[in-house]
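Trainee: Here is how the chains run, residue by residue.
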Amino acid sequence: MAPEKIVLRFGAEKADKPVIYHLAKDYDLIINIVKASINPHKEGTMVLELTGERYAEGIAYLREQGISVHPLTTEVVRNEEKCTHCGACTVHCPTKALFIDRSSMEVRFNEDECVLCLMCVKICPVKAMEVKV
Amino acid sequence: MGVERTYQDINARIKAGKAVVLTAEEVIEKVREKGVTQAAREVDVVTTGTFGAMCSSGVFLNFGHTKPRMRMSKVWLNEVPAYAGIAAVDAFLGATELPEGDPKNNNYPGEFRYGGGHVIEDLVAGRDVRLRAVSYGTDCYPRKSLDTLINLDSINEATLFNPRNCYQNYNCAVNAGDRTVHTYLGTLRPHLGNAHYSTSGQLSPLLKDPHFRTIGIGTRIFLGGGIGYVAWNGTQHFPGFIRDKNKEVLCGTGGTLSVVGDLKQMSSHWLVGASIRGYGASLTVGLGLPIPILDEEVLEYAAKTDEELYAPVVDYGIAYPEGNPEDIAYVSYAQLKKGEITVMGKSVPTAPVSSYPRAREIAGILKTWIQKGEFLLGEPSQLLPGPGAGLAGKALKIRDK
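Order-wise, the sequence lines are chains P and S. First residue of the first sequence: 465, per this note's numbering; consecutive thereafter. First residue of the second sequence: 3, per this note's numbering; consecutive thereafter.
Among the clues, some could well be false.
Here are the simulated EDC-like pairs of lysine to aspartate or glutamate, each with C-alpha atoms no more than 20 Å apart in a straight line [stated by the list, open to error]: (1) K340/S - D565/P; (2) K591/P - D124/S; (3) K340/S - E570/P; (4) K560/P - E528/P; (5) K546/P - D104/S; (6) K560/P - E363/S; (7) K546/P - E123/S; (8) K586/P - E507/P; (9) K396/S - D329/S; (10) K586/P - D104/S; (11) K478/P - D180/S; (12) K69/S - D180/S; (13) K348/S - D180/S; (14) K76/S - E102/S.
Calculated from the structure, these hints are not laboratory results.
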């Protein structure tokens, strides 16, 4: 059985719940945490690979906990034509995938570090950060 | 006695292809290397630039007349209302105007995906824009409604007229409250979670001439990729200085420009519609000013560095919206550009909301124009009021008689 890739997004108040433990113990799922960005004061994001018979039940459990679950079929890309290198996104990126090169003051995007939290998509004033399905 | 130059001297050198032009970054190196006196002998012009959201922007449009004629008393462009309470087929479209059906902040924080600034970007990019108009009908202007497409080529005039642009200095915004706020300076996390600032520091036009010795009505500028002019002082032009605890002057603040230019010359690379989450729509404007080095003093200010220019830190969580902002601290643009400042003992990550790389590009383009002889300096008919004029803002009192 191939693992299912999913993205979890949860609010600051959900960050302390041991959901991964419950997925493994109660639903007998094999979990591989691909990426995670969790901070008790901010929205959290996690990219998981899940394998197991009770996958659907596990997902239902996550949703009951108020966690949004999306399939990992999306990626965030930067539209180089549109980006003006203002820098407004950089301080909101939880993993510093978006950062400023201090010598040129240009904004760089390291896609490998992106956890698909989509903060930059909401913040960018010129809509240069795009969701690609 | 140091060097002195007139506008005529400088323009003669520009025409002869001999003018020495440096950007506001390059001149810093020059002064470090040679000192102010020698650098002032060598340098004729210093170019500056800024590229940020400037809400007080808009465009006067003249659509041309239909057959039969129409006065157009109400006008919409891509469903964004424009002000038509002027002569027939003239209208003014403001950058922050929103389509009538926009959800605004009803679904907080609003997205403000499209507004006046975006219409201006569409126009300048040459894209078709839907023009809808209604009128009450007169004997001379009988038509009562209109629904058509226009673009920049099809209309008579499109004059960018921005009543308040190019703020000399701007607050560095933080949030001392306990909930996230969405401001015109961006999204600010609570408990001093982040700090946003919005000038290009050592490249910023008005920070480099704090006494307004060279800027006035008729100053020729880079505006939106074309050539524009300073039309007047901007609204809320209250030039002054920020001072440290010991009352020592740190740098200029409070000046603004009103600028004008032909939209048909401009480019959508330098006029970009902006959607500021939870706040509204705006227009990102590219603007650059040449500073003629009339004497040593002008150069001394034009060569100020990020280490010598400061922004006031202001709380946008509680104090600013209440109308009681006070400067929590002053931080240099050098500190801000490093990505971290200390506010009330806490280390706070910073981010700019105006583009330094684009500001640098503007200063470079203006330099090239002048070097090629394509751009002569405009001598102001009248200088703008400087800090000596003592201009200060009036509060609006609420009263019923």
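Trainee: Each hint needs a verdict: does it hold in this structure or not?
Mentor: These are the hints, each one checked on the structure:
Taking the CA atoms of K340/S and D565/P, the gap is about 10 Å. The hint holds against a cut of 20 Å. A C-alpha spacing of about 15 Å is found between K591/P and D124/S, which places the hinted pair at or below 20 Å, so the restraint holds. A C-alpha spacing of about 13 Å is found between K340/S and E570/P, which places the hinted pair at or below 20 Å, so the restraint holds. Taking the CA atoms of K560/P and E528/P, the gap is about 30 Å. The hint is violated against a cut of 20 Å.
Restraint check: the Cα-Cα separation between K546/P and D104/S comes to about 23 Å, which exceeds 20 Å; the hinted pair is violated. Only pairs whose Cα atoms come within 20 Å are accepted, and K560/P paired with E363/S is rejected, the gap being roughly 26 Å. Only pairs whose Cα atoms come within 20 Å are accepted, and K546/P paired with E123/S is accepted, the gap being roughly 12 Å. Annotation: proposed proximity of K586/P to E507/P holds, straight-line Cα distance about 13 Å (limit 20 Å).
In summary, the hint linking K396/S to D329/S is supported, as the alpha carbons are separated by about 19 Å, within the 20 Å threshold. Only pairs whose Cα atoms come within 20 Å are accepted, and K586/P paired with D104/S is accepted, the gap being roughly 17 Å. Proximity of K478/P to D180/S is assessed by CA-CA distance (about 18 Å); at most 20 Å being required, the pair is judged to hold. As the CA atoms of K69/S and D180/S are separated by approximately 59 Å, the hinted pair breaks the 20 Å bound.
With a CA separation close to 15 Å, the supplied pair K348/S and D180/S stays within the 20 Å bound. Annotation: proposed proximity of K76/S to E102/S holds, straight-line Cα distance about 13 Å (limit 20 Å).
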